[in-house]
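Chemist: If you want the building blocks of each chain, they are given just below.
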Amino acid sequence: MAYTEEELKKELETKEYEYGFYTDIESDTFPVGLNEEIVIAISKKKEEPEWMTQWRLEAFKAWKQMEEPEWANVKYKKPDFQAISYYSAPNSKPKYNSLDEVDPELLDTFKRLGISLDEQKKLAGVAVDIVMDSVSVATTFKKTLAEKGIIFCSISEAIKEHPELVKKYIGTVVPQKDNFYAALNSAVFSDGSFCYIPKGVRCPMELSTYFRINQAGTGQFERTLVIADEGSYVSYLEGCTAPSRDENQLHAAVVELIALDDAEIKYSTVQNWFPGDKEGKGGVFNFVTKRGICHKNSKISWTQVETGSAVTWKYPSCILKGDNSIGEFYSIAVTNNYQQADTGTKMIHLGKNTRSTIISKGISAGKSQNSYRGLVQVNSRAENARNFSQCDSLLMGNECGAHTFPYIEVKNKTAQIEHEATTSKIGEDQIFYCNQRGIDTEKAIALIVNGFSKEVLNKLPMEFAVEAQKLLEISLEGSVG
Amino acid sequence: MDLKDKLISSFMAFENKVDVEHPVHDIRSEAFKNFEEKGFPTKKEEAWKYTSLKNLQKIDFSIFPKEVDALENKQVKKYFLQEIDTYKIVFVDGIYSSFLSETTHDGVDICLMSAALTKPMYKPIIEVYFNKVASKDESLTSLNTAFSREGAFIYIPKNKMPKKPVEIVHFSTGNEASLMLQPRNLIVAEENAELQVIERHQSLTSNEVLTNVVTEIFAAENAIIDYYKIQNDLKTASMIDNTYINQKSNSVVKVHTFSFGGKLTRNNLNFYQNGEHIDSTMKGVTILGDKQHVDHHTLVHHIEPNCESHQDYKGIYGENSTGVFNGKIIVDKIAQKTNAFQQNNNILISDKATINTKPQLEIFADDVKCSHGCTIGQLDEDALFYLQSRGIPKKEARALLMYAFANNVLESVRISELKTSINRLIAEKLGVRLGFDL
Chain E
1 MAYTEEELKK
11 ELETKEYEYG
21 FYTDIESDTF
31 PVGLNEEIVI
41 AISKKKEEPE
51 WMTQWRLEAF
61 KAWKQMEEPE
71 WANVKYKKPD
81 FQAISYYSAP
91 NSKPKYNSLD
101 EVDPELLDTF
111 KRLGISLDEQ
121 KKLAGVAVDI
131 VMDSVSVATT
141 FKKTLAEKGI
151 IFCSISEAIK
161 EHPELVKKYI
171 GTVVPQKDNF
181 YAALNSAVFS
191 DGSFCYIPKG
201 VRCPMELSTY
211 FRINQAGTGQ
221 FERTLVIADE
231 GSYVSYLEGC
241 TAPSRDENQL
251 HAAVVELIAL
261 DDAEIKYSTV
271 QNWFPGDKEG
281 KGGVFNFVTK
291 RGICHKNSKI
301 SWTQVETGSA
311 VTWKYPSCIL
321 KGDNSIGEFY
331 SIAVTNNYQQ
341 ADTGTKMIHL
351 GKNTRSTIIS
361 KGISAGKSQN
371 SYRGLVQVNS
381 RAENARNFSQ
391 CDSLLMGNEC
401 GAHTFPYIEV
411 KNKTAQIEHE
421 ATTSKIGEDQ
431 IFYCNQRGID
441 TEKAIALIVN
451 GFSKEVLNKL
461 PMEFAVEAQK
471 LLEISLEGSV
481 G
Chain Z
1001 MDLKDKLISS
1011 FMAFENKVDV
1021 EHPVHDIRSE
1031 AFKNFEEKGF
1041 PTKKEEAWKY
1051 TSLKNLQKID
1061 FSIFPKEVDA
1071 LENKQVKKYF
1081 LQEIDTYKIV
1091 FVDGIYSSFL
1101 SETTHDGVDI
1111 CLMSAALTKP
1121 MYKPIIEVYF
1131 NKVASKDESL
1141 TSLNTAFSRE
1151 GAFIYIPKNK
1161 MPKKPVEIVH
1171 FSTGNEASLM
1181 LQPRNLIVAE
1191 ENAELQVIER
1201 HQSLTSNEVL
1211 TNVVTEIFAA
1221 ENAIIDYYKI
1231 QNDLKTASMI
1241 DNTYINQKSN
1251 SVVKVHTFSF
1261 GGKLTRNNLN
1271 FYQNGEHIDS
1281 TMKGVTILGD
1291 KQHVDHHTLV
1301 HHIEPNCESH
1311 QDYKGIYGEN
1321 STGVFNGKII
1331 VDKIAQKTNA
1341 FQQNNNILIS
1351 DKATINTKPQ
1361 LEIFADDVKC
1371 SHGCTIGQLD
1381 EDALFYLQSR
1391 GIPKKEARAL
1401 LMYAFANNVL
1411 ESVRISELKT
1421 SINRLIAEKL
1431 GVRLGFDL
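Note that the protein sequences, when read in sequence, are chains E and Z.
Last residue of the first sequence? That's 481 in my numbering, and every number before it is there in order.
Last residue of the second sequence? That's 1438 in my numbering, and every number before it is there in order.
Here chain E stands alone, though its shape is the one from the complex (with noise of 0.2 Å):
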């Protein structure tokens, strides 16, 4: 008998989590409660120089004044703040050399996941910066890019070996100030990547890092700089996914991007982690800071899918500073269950000729609720801005909810602004068409389905094709072709 979309709609009911083991590896962890103490024993145990522990201070001290956001179009229970361990870092240091070397139990979870770092070595020629519970486990591929100049390393490597990059940089596209989390984030922030491309230069593979949240009850605050200097190029890659766990877990991560003159970044992200099961329980919060400035004539890309996580608060933004700098967002949002997703993003025209592009599309099952929030402002003396933006949102079945809230700002007659959003569920007409022609009613959804996501799917780099794949068939499973 055909399949019908009430039984995949059953299907992504029941579909538990694949990935949810728990990886048993003696940890390193800060008893539990945030206050200056902790703060600077996080930055004495990274070994950090003391301005960056007094940067941590004045953060700490901004965000005890701040209160948590409640504008979000998501409802869950606040973390309590004082029950969580601000740094685990797995046992086994120090650093490897090789992957022999690394903890094999350890690797284990890699190859579980499908991301063994022998095999992405050879198969993809990808440099991989594993984070696991928060410190770098391992990097590879290190020597290739030493030699063309691009420095690849975790943040606090590079705070301790390339202070004069991260003081000048860190904080300056999202400050310490800027939010809640991001404040949180700059206070307590356990490691995360680095990335600097020197001027002219053309990194010669997709960089990579997983992050990963394994110690029970630690909260994972991850900081990625990445910087771009003139006329160069990177496509910087993110992967996630995340043990089961009962209890809620608190991911608040920033990430800076820096594209200077001529520079291109390419960010792409694949989040997977653990939604909480059938009746909501558990799953991850995830509240992310992204923001990148564009220079003259350089560009920012930032391409999503988001199948993960019970609370989802995202929006990654572009600075449009210079003149004739691009912007783009292409993001698939999928929720199941009693997932909530409030994901969008900010393109600020500053600069002349500025263009940005966003596509959203968003993808509701269960009792989920996905909304778009996005902003375009375009300011007085950005002459001849351009943007198109697209939100489209597939309900399937009746109890899942899915909102848009666009706001467009323009202070400039010579910016022209399209908006266009739908909302639809995959149309019986659609399912018709497609059996009249021999396709059964699975394929059909399976066709629709990734139809309807084709578009910010291609734009993510053939090297993470397959991981993303993967990533949406584990919320998708049966319509993805």
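One or more of the hints may lead you astray.
Reference excerpt, derived from the structure (chain Z facing chain E, CB under 10 Å, subset only) [unchecked claim]:
{"#": "1", "residue": "E1046"}
{"#": "2", "residue": "A1047"}
{"#": "3", "residue": "Q1336"}
{"#": "4", "residue": "Q1342"}
{"#": "5", "residue": "I1349"}
{"#": "6", "residue": "L1425"}
{"#": "7", "residue": "A1427"}
I should point out that these hints are in silico values taken from the structure, not numbers from a laboratory.
All C-beta atoms, glycine included, are put in the ideal place defined by N, C-alpha and C.
Using the hints provided, position chain Z relative to the given structure of chain E.
Modeler: Below, chain Z without anything else, positioned relative to chain E:
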């Protein structure tokens, strides 16, 4: 003393003027408490993010105007529709002018709110409808409810239709240095009734006026209501318009808003669809210059299945003007087969003009067709050149293109005399002498 304190202290004086034993007064007191608690909305509230009432609150408005001498007909004749006969409900400084009005009780009731609130024969209608759809939460609506005493009252019984359209006109004479008006209108169309209403607010001198008007409209099964709002007031007049519409099955309600004048105008237009196969339409043309500010805030709440809503707002913004469009569509879980469309197109013709738009969809049902589109752009240079190459001067060519841009909205105006009158207003606003009835 700021405006809020003044209003609070005026409420006691107001209570001396009305019958506090009347059941409506309980509604007033309740609403007053809500306003006292909430006060004027600030920019911190999401719904008022782009519109500030701060400066208005600094003005020392008179709440109770003195009675003025009757206006001469010729003074105000030009503000009424010329070529067509209409019923008229006219207020001067908030007080009913029987001399300028033409009301009726012949089969339908086209008269005054004050009569409806005091005469026993209207008591059943007031009990069923008064303050039933207006928000009890929104502070400015509550403020109006608290001071509700005068306004237009229209009641169309089953299967009736008034012989001619109804004009509701509010004049302010400038007799007071600054005046605050709070008219309250109630419009009820019973089953199969039909009605056309034109509402206009006009100040006659450049003294400050603030109007906080609430209109409640009830359309029963199969009722058809056309409501036209003409906002072409002087640059010293500000208005907060709160319109609440409750529709039952198969009813059709269309609201057209033409915003050309005024200093600050906020239009809160709320549709609630309590039935199936309802059609709600809201359209607007906004043409602004100077430092004018117009904020269109629409809400369509699809509560039952198989309904439609159409929104089409066109805006042309020049000089230092600011336009805001915030359209919200809510589709409830059971409101399957809803078709909701929203369109907002804007042209900026000056470097200092600003447009803030936020079309919003909140959808909880899966079998729906909902879309919104929003554009901001300029006049097409090629089209302009085409017209110029055929001997049409630049200014007129631009006006023609802008008129064409707004024409979608004008097309659905069903009173042709009104259309002509609006065409004239547009020509005046664009500074050209064209008829546009090409």
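Chemist: Next, verify each hint and record whether it holds.
Modeler: To see whether the hints hold, each was checked on the structure:
Hint status for E1046(Z) relative to chain E: holds, with the closest Cβ pair at about 7 Å, below 10 Å. A least Cβ separation of about 12 Å between A1047(Z) and chain E goes past the 10 Å threshold, and the interface hint is therefore violated. About 7 Å separates the beta-carbon of Q1336(Z) from the nearest beta-carbon of chain E, less than 10 Å, and the hint is met. Nearest Cβ of chain E to the Cβ of Q1342(Z): about 9 Å, under the 10 Å cut. The hint holds.
At a threshold of 10 Å, the smallest CB-CB gap from I1349(Z) to chain E is about 6 Å, leaving the interface hint in force. For L1425(Z), the shortest C-beta to C-beta distance to chain E is roughly 23 Å, which exceeds 10 Å, and the interface hint is violated. Residue-level restraint check for A1427(Z) is violated (minimum Cβ-Cβ distance to chain E is 22 Å; threshold 10 Å).
The structure fails to meet hints 2, 6, 7 from the earlier list, while all remaining hints are met.
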